[in-house]
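All chains should be built: construct the whole structure from the sequences, respecting the hints.
Chain by chain, the residues run as shown.
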Amino acid sequence: MTDNKQATDRKNKPFLLVAIAAISILFGIWVSTLSVKSTATVPKSLEATLLERSKPVTSFSLVDHDNNEFNLQSLKGNWSFLFFGFTNCPDVCPITLQVMRSVWKTPALQKLIETNTKMIFVSVDPDRDKPEHLKSYVQYYNPKFVGVTGKQDQIDTLTSQLGILYGFDDPNENGDYNVSHSGQIILIDPQANMRAVFSPPFNPQSISKDFLAIQKFVKDN
Amino acid sequence: MINKLIISLCFTLLLFNSSYAESTHKTDYPTLNFSKIVIPEAPPVASVMVAYMDIANMSNQKQTISSVSSEQFKRVEIHNMSMENDMMTMERLASLSINAGQTIALESNGLHVMLIKPNKPLRKGDKVELTFKLSSGEQITVSSHVKLINFNNHHHHHH
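Residue numbers (our numbering), protein chains in the order written: chain A, 1 to 221; chain B, 1 to 159.
Honestly, the hints are just simulated from the structure, not real lab data. Among the hints, a few may not be true.
Once the Cα atoms are required to be at most 25 Å apart in a straight line, the calculated DSS-like pairs of lysine-lysine come out as [what the hints assert, rightly or not]:
1. B:LYS117 / A:LYS130
2. A:LYS130 / B:LYS74
3. A:LYS130 / B:LYS36
4. A:LYS135 / B:LYS117
5. B:LYS120 / A:LYS135
6. A:LYS144 / B:LYS124
7. A:LYS144 / B:LYS147
8. B:LYS124 / A:LYS105
9. A:LYS76 / A:LYS219
10. B:LYS124 / A:LYS135
11. B:LYS147 / A:LYS135
12. A:LYS105 / B:LYS147
13. B:LYS36 / B:LYS147
Quick caveat, the model's predicted, so the values are computed rather than measured.
This is how it looks when you write it as structure tokens:
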């Protein structure tokens, strides 16, 4: 009995080995094609900076221009372009919002915009930018744009995660003060991960093109 | 006696002439020429607007703008934008000097005229008048109409 078994085993062993080898080789080829596919879709020639590793955004608590809670949950389920500024800004903020207004008119983005893409203007100057004022301001550029603000410490909780800096200058004799701030636009994915940074000077064509490439890359991976 | 009279007359005429020259100063030769004035439309609730332009010093002397005013705005200031510690920041300028023969461009991300607190919301097509006061005493009034900026046709100077 044992002899027969051993004989059978000895006969089957080479076949088994070949089978295992064949499967391993096929598996290896399959895995390698997977990785070739992944690296081939990393968007090349982006003007935006795509983060090597997406960074999960963590909890914060702000309000939108309708005075509704705006928090981490609000970032989930859609792509978000976030820009930080203030409405007493004469140059940088209006220009950026004009650019985004143009982006929102791009034919190739219409489907994404209608379903799951948002433009959010966060005012870091809550003393002057009350939600109602913010609403009129952003909706002038596009009725779908969202204004967000809140308590200074919560604004900081969000800006510090995204590498955005801002600061208040001393008021002048008229009580006016300037707010210095970073000029970048941050792109957040529907899982509320920071994905990319757009740096000025902005161009609506390149923002649109980069966004399409980035969202496709994230979708395919 | 006659001599004294003549001398007084001469002095009077001289004084009169120099003050007369002052008031016709700006028509005798051009000093600053303002061109490419662009005032983009802003949200009606915005408390600031901006004016971009080129300013050419056509004279053979340095000219200094010491203040700007407008009937349409409570205050007008000249600001310069710069990058500091990775942040965009603005600095109000007390005056703006332009060397003889030089042209400076007031444009996005650089020098600009800040129009503060419009007396009423300004829309596309509304006329804005700006009066530039020079340290020489000369005043130059320019006007432009608010434009709706479609980003695709907004020409930037990029340096």
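Requested in this report: Sort out whether LYS130 (chain A) lies within 25 Å of LYS117 (chain B), counting only the CA atoms.
Outcome: holds (17 Å)
**Item:** Satisfaction of hint between LYS135 (chain A) and LYS124 (chain B), Cα-Cα up to 25 Å
**Value:** holds (21 Å)
Quick one, are LYS130 (chain A) and LYS36 (chain B) close enough, alpha carbons at most 25 Å?
Not OK: LYS130 (chain A) and LYS36 (chain B) at ~35 Å, beyond 25 Å, violated.
Are LYS144 (chain A) and LYS147 (chain B) close enough, with their CA atoms no more than 25 Å apart? holds (23 Å)
Regarding the pair LYS105 (chain A) and LYS147 (chain B), is the alpha-carbon distance no greater than 25 Å?
holds (19 Å)
**Study point:** 25 Å Cα cutoff - pair LYS36 (chain B), LYS147 (chain B)
**Key:** holds (12 Å)
Is the straight-line distance between the alpha-carbon of LYS124 (chain B) and that of LYS105 (chain A) 25 Å or less?
-> Distance of about 20 Å is within 25 Å: holds.
**Message:** Checking one constraint from the list: CA of LYS135 (chain A) to CA of LYS117 (chain B), max 25 Å. Satisfied?
**Reply:** Roughly 19 Å separates the two Cα atoms, so the pair holds.
### Query
Taking only the CA atoms, is the gap from LYS130 (chain A) to LYS74 (chain B) under or equal to 25 Å?
Satisfied, since the Cα-Cα distance of roughly 22 Å is no more than 25 Å.
Point to revise | Restraint status (C-alpha distance of LYS144 (chain A) to LYS124 (chain B) at most 25 Å) | key: holds (22 Å)
Q.
Next pair to validate is LYS76 (chain A) with LYS219 (chain A); report whether the Cα-Cα distance is within 25 Å.
A. Since the Cα atoms of LYS76 (chain A) and LYS219 (chain A) sit roughly 15 Å apart, the hinted pair holds (cutoff 25 Å).
Item checked: Proposed proximity, LYS135 (chain A) with LYS147 (chain B) (alpha carbon, max 25 Å) -> Status holds; Cα separation ~22 Å.
Going through the hint list in order, the structure does not satisfy hint 3, though it satisfies all others.
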